[in-house]
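Protein chains in written order, with the numbering used here: chain A, 1 to 268; chain B, 1 to 307; chain C, 1 to 340.
Simulated from the structure, these hints should not be mistaken for lab results. Among these hints, one or two may not hold up.
Pairs of lysine-lysine residues, derived as DSS-like cross-links and limited to a Cα-Cα distance of at most 27 Å, are as follows [what the hints assert, rightly or not]:
1) A:Lys32 / C:Lys95
2) C:Lys321 / C:Lys75
3) A:Lys32 / C:Lys206
4) C:Lys75 / B:Lys50
5) C:Lys207 / A:Lys32
Keep in mind the model is a prediction, meaning the values are calculated, not measured.
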Amino acid sequence: MRASLVQTSVAVLTTFLLFYPVLQIVLLSLNKIPYFRLGGDFVPTFESFQWVLQQPEFWRGLVNSLIVAGATVVVVIALALPGAYAFSRHRFKGRDSLLSFYVVFTQVSGGLGIAGLIALFAIVSALGLRNNLLALALIYAAGAIPYHTWLLKTYIDTIPRSAEEAALIDGAGAATLLFRVVFPLMAPALAVSAILSFIGAWGELILANLFLSGENRTLILWIYSLMSNIYAVQWNRFAAAALLYAIPPVVLYIILQRFLRKGLAFVY
Amino acid sequence: MRPQLLILPGLLLFLFFNLWPIVYSIYISFTNANIRNFPQPPPWAPEELKHARPPPDFVGLANYASIFTGPASAGFWNAVFWTLVFVAVSVPAKVALGTFVGLLMSSEKVLGKSVMKALLIVPWALPLILSVVAWRYVFDPTYGVVNQLLYSLGVSKPPDWFVNKDYAYAAMVVIEAWLAYPFIMTVVIGALANVPRTAFEAAQIDGAGRWAVFTQITLPLIKRPLIYASVMTAAASLQFFLVAFLWNFIQLYDRFMLAYGYYWAFGSPFREYGLAAAVLSISALVISAFMILAIRLTGLMRGMYES
Amino acid sequence: MYMQSRPDVQVVFENKAPDLQTAVLAAIATGEKFDLFIWAHDWIGLMVEAGVLKPVDNDVADVLPKFAVPIPQYKGRIYGLPFTAETVALICNKKMVPEPPKAFADLLKIMQQHHKPPQSYGIAYIVNPYFISAWIHGTGGYYFDDKTEKQGLTDPGSIAGFEFFKKNIMPYVGPNPTDYNTQVSLFLSGQAPCMVNGPWSIGAVKKAGIDFFVAPLPPVDSTYVPRPYGGLKMFYTTIYASKEAIDFMKWFATDSQVAKILVEKLGYVPVTKVVQVQDPVVQGFYEAIKNVYLMPVSPKMQPVWGAVDIVIQNAIVSDQKTITQAVQDAAKDLCARGLC
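Based on the provided sequences and hints, a complete structural model is requested.
In structure tokens form, the structure reads like this:
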């Protein structure tokens, strides 16, 4: 079909309007003037970005964030996939209630609350796992299990059982079944899970602030500290750092879109 | 292999780190936990510490009573009311905006969609503080683009979107719509991508007008995913807190359930954790009730138990 | 420096911004052992009630005479040593204001002269409870009485103070009055002749290359002398504080070399008798400290800060309520928490 000028113009205008707030931040990161200069002049420069890339805390935070997010993905997939398979292919006592519980919890889990936070802190301290990146990843993964189990389960529902039945007839054990037969077919759904859990771990602030100290602090904590300076916040540096930090999630979301378009309507 | 064994590792990890704190929170809501007695020192702590911090006392329903009848009660119901208003206003806004954009991005008549989609997905991916900072600039009372526009349109005293309670509330609706539209947009795009072209072509051959195509073909096909997305996003509106906290807690704390609980817990001299836990438990109940009701009404779980 | 003289001791610093209070409370209560933390003295009541601090009266008795200020105490006991005093004062750009204003009338003239929005504004003032406290205390009002642990917002003196600020200073304040960064940048960029701020902001002022002076807030008349809230920045000794840590604290707070560095590099006002103040900036703050109204130590003060913030937002920075109405509403809330 031919492109329509009207529709394209509307689309461009809408995109511009919706992107505008972010555009301001981009301009801010490129500005020479550090403080929130109201209505000030725009002097373009890459100084802020250079400064950010020169900070060891930036790189350290980056590595830490990658470790935490990466570990979260591994744990989530490793634990949610078998569970999802079980929910999908089997019937057993308590299956329906547990599944409902997982679904409802996903929505309510947000308001964990300070008391729960301190209880969590107490448990983790008691185990001596407080300032530990992998432990944090475990905590993130734990919270993500219900959602991802349910997500993967609904995908497995759409896979015909024929491959598994054939494998079972050939005498395949459970492990072979999972890894050789189901896993390869799961690529799109696994990608979705991986991306979502990565992004969740990448951006988590509260738990990270409470648990991590010194060398282990993740990137988002460093960025937050740039904004909390009581002396005089360097807005252009904060903006530059935040934009750099936001690149992985944005890129991942764009990739995610592609997978979603490839027919993951199963989610509905 | 027994299916239970496959589920167990994930379930156990989840229970250990997530359920226990929630259960503990509920327990705390029945005590007078505050800064003086909570959390409890570990066994190896020095004696003076244990002495100075006796364990919290069990007070039964006292915290809940104070929410419904005590000094916090009028405010609490006010907060619940305004939270519901927020849901009623922001959800249609989010869904309308997301659907509009989703439709545009699925239209074959639009050029440059991939670039636009990438730009449009950004609000979803940006860390929240950055989004709030960005909107602070937009709503700045003197130099922000919103007020500059109003000024040029002849409004002599444009509103202060931070300090004025109602305008701050309005700003929250706008920002929430902006934060959530990418999700709806993605859902719509995904759903439409699965619509067979034949349906559209058949309608074209039959000479159907554009509006008819939209209402008779497009809408019904994306209805279910849209309802699903609306319910999810309504839950987010119910739990709206962080943005209000970062924007102007002073004016907005009594307009949002979770914010109100936080205010009473941490504005109190001794950090009333017990009271906060009670507020949060009630909020969690309200949200669960809402979710279960919404899921029942929209029949979302219908396909859930199948396999 | 300390580590050089005492090789067996290691001093480690940790920055727990942005929420030091929660970090301290969470850590101590779950058994994490750290010795000291630094903050202004107003947390003392809260921290003692939470069981976090250890009294050190006996350990520091020998250095007490060296101090020129009262040591912060809670219920008669000492829980740490201060090393600097801070409060807000008037910081002015010499290019726009050659001489410190002697009386409020002079300051008013300066503000009126320079108030030409949007190019320039009368004054850069961060309108929050801490910064405007001076004007409420000057009229005999108060936010909170440390002895009786009762709020004082509805006291006629307090209301008079709020009204004075709203009528005589608020009209000349730059845009976004409650935002710290906006106000500071107004001053740093030369859009305001003066700002009201504390010693912590001097670093940024010097960096911006502004030739400035520091002076106490000018009195309105002989009976109305603005008395801003002030704090003593101190080391708090936790229950885990070791003898080495306490020794370090004593050394840091009283050693003349340390004091010299604090004064020269950071512009801190010293609190010990040993140091001669020569830097005019420090001298300016020193004069301001003379009028100071020490922040309360009772933990019950905590909700009062929020209550005053609400009053400011509803009645001073905007006109959503009258001052009388706003303080009455705020008082109602505070009474519900037992502060009446």
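- Query: Lys32 of chain A and Lys206 of chain C: Cα distance at most 27 Å?
  - Reply: holds, 19 Å
**Restraint check for Lys321 of chain C with Lys75 of chain C, where alpha carbons must lie at most 27 Å apart** = Between Lys321 of chain C and Lys75 of chain C the Cα gap is close to 38 Å, so the pair fails against 27 Å, i.e. violated.
For the pair supplied as a hint, Lys75 of chain C and Lys50 of chain B, is the alpha-carbon distance within the 27 Å limit? holds, 20 Å
Legend entry - Distance restraint between Lys32 of chain A and Lys95 of chain C, which requires alpha-carbon spacing of 27 Å or less: Holds: Lys32 of chain A and Lys95 of chain C sit about 24 Å apart, inside 27 Å.
Would you check the hint for Lys207 of chain C and Lys32 of chain A, treating anything up to 27 Å between C-alpha atoms as holding? holds, 15 Å
Checked against the numbered hints given earlier, this structure breaks only hint 2.
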